[in-house]
Amino acid sequence: MEGSINGSLNLIGYGLSAIGGGIGVGLVFAAYINGVARQPEAQRVLQPIAFLGLALTEALAILGLVFAFVLR
Amino acid sequence: MIALALPAQDSGTFTPPGIDEMHLPAILPWGAHEGFSKQMLLVILSVVIIATFFILAARKQQLVPGKLQFAGEMAYGFVRNSIAKDIIGGRDFIKYVPLLFSLFFFILVNNIYGAIPYIQLPSFSHVGGAYVLAAIVYVTWIGIGLKKNGIKYFKLATVPSGVPWYILPIVVPIEIISNFLVRPVTHSLRLFATMLAGHLIVMLAGSGIEFLVMQENVLLKGASVLVLVGAVAMYMLEALIMALQAYVFTLLTAIYIEGALHADSH
Chain A
0 MEGSINGSLN LIGYGLSAIG GGIGVGLVFA AYINGVARQP EAQRVLQPIA FLGLALTEAL
60 AILGLVFAFV LR
Chain B
0 MIALALPAQD SGTFTPPGID EMHLPAILPW GAHEGFSKQM LLVILSVVII ATFFILAARK
60 QQLVPGKLQF AGEMAYGFVR NSIAKDIIGG RDFIKYVPLL FSLFFFILVN NIYGAIPYIQ
120 LPSFSHVGGA YVLAAIVYVT WIGIGLKKNG IKYFKLATVP SGVPWYILPI VVPIEIISNF
180 LVRPVTHSLR LFATMLAGHL IVMLAGSGIE FLVMQENVLL KGASVLVLVG AVAMYMLEAL
240 IMALQAYVFT LLTAIYIEGA LHADSH
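Line order of the protein sequences matches chains A and B.
The letter at position 51 of the first sequence is residue 50 when you use numbering that gives the first Met the number 0, and the numbering goes up by one with no holes.
The letter at position 159 of the second sequence is residue 158 when you use numbering that gives the first Met the number 0, and the numbering goes up by one with no holes.
You may find that some hints are simply not true.
To be verified - The following label-pair restraints were derived from C-beta to C-beta distances:
no.: 1; chain 1: B; residue 1: P159; chain 2: A; residue 2: A41; range: 23 to 29 Å
no.: 2; chain 1: A; residue 1: A30; chain 2: B; residue 2: V158; range: 23 to 29 Å
no.: 3; chain 1: B; residue 1: D263; chain 2: A; residue 2: A41; range: 23 to 29 Å
no.: 4; chain 1: B; residue 1: M235; chain 2: A; residue 2: L8; range: 37 to 43 Å
no.: 5; chain 1: A; residue 1: L59; chain 2: B; residue 2: L44; range: 22 to 28 Å
no.: 6; chain 1: B; residue 1: L44; chain 2: A; residue 2: F28; range: 32 to 38 Å
no.: 7; chain 1: A; residue 1: L59; chain 2: B; residue 2: V131; range: 19 to 25 Å
no.: 8; chain 1: B; residue 1: A134; chain 2: A; residue 2: I48; range: 23 to 29 Å
no.: 9; chain 1: A; residue 1: A29; chain 2: B; residue 2: L243; range: 14 to 20 Å
Said to hold, decoys possible - A short list of chain A residues far from chain B (calculated; beta carbon distances all over 10 Å):
no.: 10; residue: L8
no.: 11; residue: G12
no.: 12; residue: G14
no.: 13; residue: E40
no.: 14; residue: Q46
no.: 15; residue: L51
no.: 16; residue: A54
no.: 17; residue: A58
no.: 18; residue: L62
no.: 19; residue: F68
Claimed, not checked - Here are some, though not all, of the chain A residues that point toward chain B, as calculated from beta-carbon distances under 10 Å:
no.: 20; residue: L15
no.: 21; residue: S16
no.: 22; residue: G19
no.: 23; residue: I22
no.: 24; residue: A41
no.: 25; residue: F50
no.: 26; residue: L53
no.: 27; residue: E57
no.: 28; residue: V65
It is worth saying that the hints were derived from the structure and are not from the lab.
Even glycine gets a Cβ: it sits at the ideal position worked out from N, Cα and C.
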């Protein structure tokens, strides 16, 4: 039972950095779903706001993915 | 899962596909420093596809639309109404519909390539195209802001109203960085990174199936069926994300243009 793991630690770092983005995106869409469930006619107003929030929170996770590949 | 993975230790090694798989050999020897690649061919093909489709759809316009005209009108109406009209609004949204429309369908077709067998390569798995698209959008919304508000636009875009003066030294640099530096970078990288990651996942599943089928252990051969089921699910998710990223890119373009147009009221 002797195993060895090859690979880049960068990807573990990326996995850690994706936690924050994941929680953030979850919160954004939880609020969006909540809002639409309470007031369905507000969906058209809330949708762009939700996607803007998604875009802003996702930024760090995206930068993390890129740096995981770029930095060696 | 661990029980399935353990026998793999003594039966060859599995090398997962890496980022190098995006750099396929050049089709033609000329072009930029690496030759004319598959991505470039696909980008040119996408322009032909989109132009052909919409020219055919708009050629014979009838009051009661046929199937093709209906599809074209639905596609146009989607971008016009649910992106441009809803976000930019007002009377001047129609000026920006051509830009949003071309962006949406250019990205959509180039992403969907990743879900078509035998093509199976989203063009934006190379970052160059995404950079250019984001640069076009960047120049556009800054140009719109300057034209609408004059040089005062930079003040409007970076100094939020209603903030106490003693917080401004912190807020203004953050606004400058997030609006003028991080915004175009993430705008392009979002498209590129999701396409790259999606393509990698599908490729990883494919090569994993191949590796498991080649094993001598019958259990491992059987496990390839599980991977196949997972691979189909990931493939479907990727197809969804491809369409969603085209929508998100266009939506963000509309939001940036709207922000530049109405900078004085934000």
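Does L53(A) hold up as a contact with chain B if the rule is Cβ-Cβ below 10 Å?
holds (7 Å)
For the range 19 to 25 Å, tell me whether the beta carbons of L59(A) and V131(B) fit it or not.
This hint holds: roughly 24 Å between Cβ atoms.
Holds or violated: is there a CB of chain B closer than 10 Å to the CB of I22(A)?
Result: violated, 18 Å to nearest chain B Cβ.
Consistency of the no-contact label for A54(A), given chain B and a CB cut of 10 Å
violated (6 Å)
With a cut-off of 10 Å, does the beta carbon of A41(A) approach a beta carbon of chain B closely enough for the hint to hold?
violated (13 Å)
Would the stated hint for G19(A) survive a check requiring a Cβ distance to chain B of less than 10 Å?
Hint violated; G19(A) Cβ to chain B Cβ min 15 Å, cut 10 Å.
Is the hinted range of 22 to 28 Å satisfied by the C-beta distance from L59(A) to L44(B)?
violated (35 Å)
A29(A) versus L243(B) beta-carbon gap, inside 14 to 20 Å or not:
Because 18 Å falls inside the window, the suggested range holds.
Interface hint compliance - S16(A) to chain B, C-beta minimum distance less than 10 Å
Nearest chain B Cβ about 13 Å off; hint violated.
May I ask you to test the hint 23 to 29 Å on the CB atoms belonging to P159(B) and A41(A)?
holds (25 Å)
Return the status of the interface hint for F50(A): holds when the least beta-carbon distance to chain B is below 10 Å, violated otherwise.
holds (5 Å)
Once the closest CB in chain B is found, is it more than 10 Å from G14(A)?
holds (13 Å)
When the structure is compared with the earlier hints, violations turn up for hints 4, 5, 14, 15, 16, 17, 18, 19, 20, 21, 22, 23 and 24 and for no others.
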